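Protein chains in written order, with our numbering: chain Y, 44 to 189; chain D, 7 to 431.
By construction, these hints were calculated from the structure, which means they are not laboratory data.
The model shown is predicted, which means the values in this text are computed figures rather than measured ones.
Take the hints with a grain of salt, since some may be wrong.
[Unchecked claim] Below, computed lysine-lysine pairings styled on DSBU-like, alpha-carbon distance capped at 30 Å:
1) D:K373 <-> Y:K163
2) D:K105 <-> D:K253
3) D:K404 <-> Y:K163
4) Y:K95 <-> D:K404
5) D:K404 <-> Y:K123
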Amino acid sequence: MRRVYPNKDVCIGCHICEVACLTAHSASQDVVIAAKEEVASGLQPCKAVYDKGQISVALSCRHCDNPSCVSACISGALYKDQETGRTCYNEEQCVGCWSCLMACPYGAVRRNVTKGKIIKCDLCEGRDIPACVEACPNNALVYESR
Amino acid sequence: MSYVIIGNGVASVGAIEGIRKVDTKTPILVVSEEDTPTYGRPLISYFLAGKIGLDRVSLRPDEFYEKNNVEVKLNTRVAAIDKAAKTITTEADEVIEYKELLLATGGVPFMPPIKGIDGSGVYNFTTLAHAHELLDLSKRIHRVVVVGGGLIGLKAAEALRYNGLSTAIVELGSRVLSAAFDDVAGNLVAQRLEEKGITICCGTTVEEILRTEQGEVIGVRLANGQKLACEAVVVAIGVVPSLNLAKDAGIAVNRGIKVDDNMCTSAEGVYAAGDVAEAPDMIAEEARVTPIWPNAFSQGYHAGLNMASEEASPHPGGLPMNAISFYGLPTASLGHVNPNEDEDCEVFTELDEENGTYRKLIFRNEKLIGYVLVGEVDFAGLYTGFIRFGLDLTPDVKEELIAGQPSALLWPEEEFDTKWTPAAE
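Next comes chain Y alone, as it looks inside the complex (with noise of 0.2 Å):
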């Protein structure tokens, strides 16, 4: 399956992937509003930029095939899709225990304090290439296979 790698040697930590995330997964599809308006109301991007001293790095969730935070989700929020090999989420079910936050050992489940809920990346459900991808500058996120 495609997962998103990030790659931390041409990242510039210009958080540009995060606000790609954030509309992507806005309910406005509009930058400024999704930035300005639904973050108030509680909107967070599925992933984060690090950065120490020159080096930045975008993450989120790797997908992984045996996930930690599918073994700890007490609610059945989380799964594993057997055909997309993809790591989905139903936020729905979810409780808010954040049992899932602690397992990742990625630290790639984040908190939406607002909903009471966890975000997590979904690889930008029914789009071809991930929105991060898309808006990354330099490819320092790529959509491959490895």
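The hints should help you fit chain D onto chain Y, whose structure is shown.
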């Protein structure tokens, strides 16, 4: 001939998914003494509290069993295992052959020898059936005493309090949550529960359940002489592994059913996983029963892989972890959290009383081996990575962790390159 799984909890679900990863054809039979398809057992406290309905307690969609070619026999108890003949016999005398067998029988609530414990008005809180009983009960009574200040006891108390009951917790230890937490974290949680009107009595125990002549519960008498009036008692002291089937079949047991890294018991073709299994631990150099949810799933998953495949898939080892919220106060604890002084551990703690947050990190041999977080859990997973992968800490990295700034960029570079981002082919 089928794979047979005894038990229908999360270890069983993990095993079904593990088997199907390798073998999509051979039928699977699940035998369960419960009367419902698998559900998220920890959700019973959410259900009892009225936070979710029955429509949300399922752990997998309704079509899960059919899609995975699994036959489920509910309301069925297994009476015996014949490991030589490779059969199980149900209490209805049905004999079923198995190709490979998984014991995922879990645990049963421990019932201490308290005077007056036998009879009506005494409950447990480990199954959906128990939650239904308590929900029904909470409409009829006003006061309840919960015996046991562990996770199950506290979640039971919280849920009963949500139903308007006057609720007290009695805990023998000096604090609540003694296994997963330390004094400070335990007290922060206790404080939150007390703010919400739950009474907590630590350092004492229930010596007698008081009853009327007709046998109705009217209260409890504590070892410290105090009496608490109540109409029902919930016993939540812990669960003990359900070992009898294995023991009777001559399968090696200690505190749990003994298994190796591959979840194999002493009997050929018989595996065990979840709360019933005593398996190698990731941090401690000994086998342990680690009765927690994620462990049960992943042990079941690896058991399933190994049942279906010639190639061994060893389990990485048990890692205690609990994430649980009390009245919206989130907490997480993972790994080795209460080291003894002679263990040569370095402990960092940070308490912010004003905001009600607490952070504890436990280091040994320049590695992180455990943490406790109360109030602020957002970085939990980033700490987990250091423990789970046993990453070496340089002084700088350790300082960053202590400063509360964990990041994947603090991983040793080769670990990041191989674990986070496998190289392009």
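Okay, the hints, checked on the actual structure:
Between D:K373 and Y:K163 the alpha-carbon distance is near 28 Å, which keeps this suggested pair within the 30 Å criterion. Taking the CA atoms of D:K105 and D:K253, the gap is about 20 Å. The hint holds against a cut of 30 Å. For a cut-off of 30 Å, the pair hint linking D:K404 to Y:K163 stands: about 27 Å separates their Cα positions. The straight-line distance between the Cα atoms of Y:K95 and D:K404 is roughly 14 Å, inside the 30 Å bound, and the hint therefore holds.
For the hint pairing D:K404 with Y:K123, the CA-to-CA distance comes to about 34 Å; that exceeds 30 Å, so the pair is violated.
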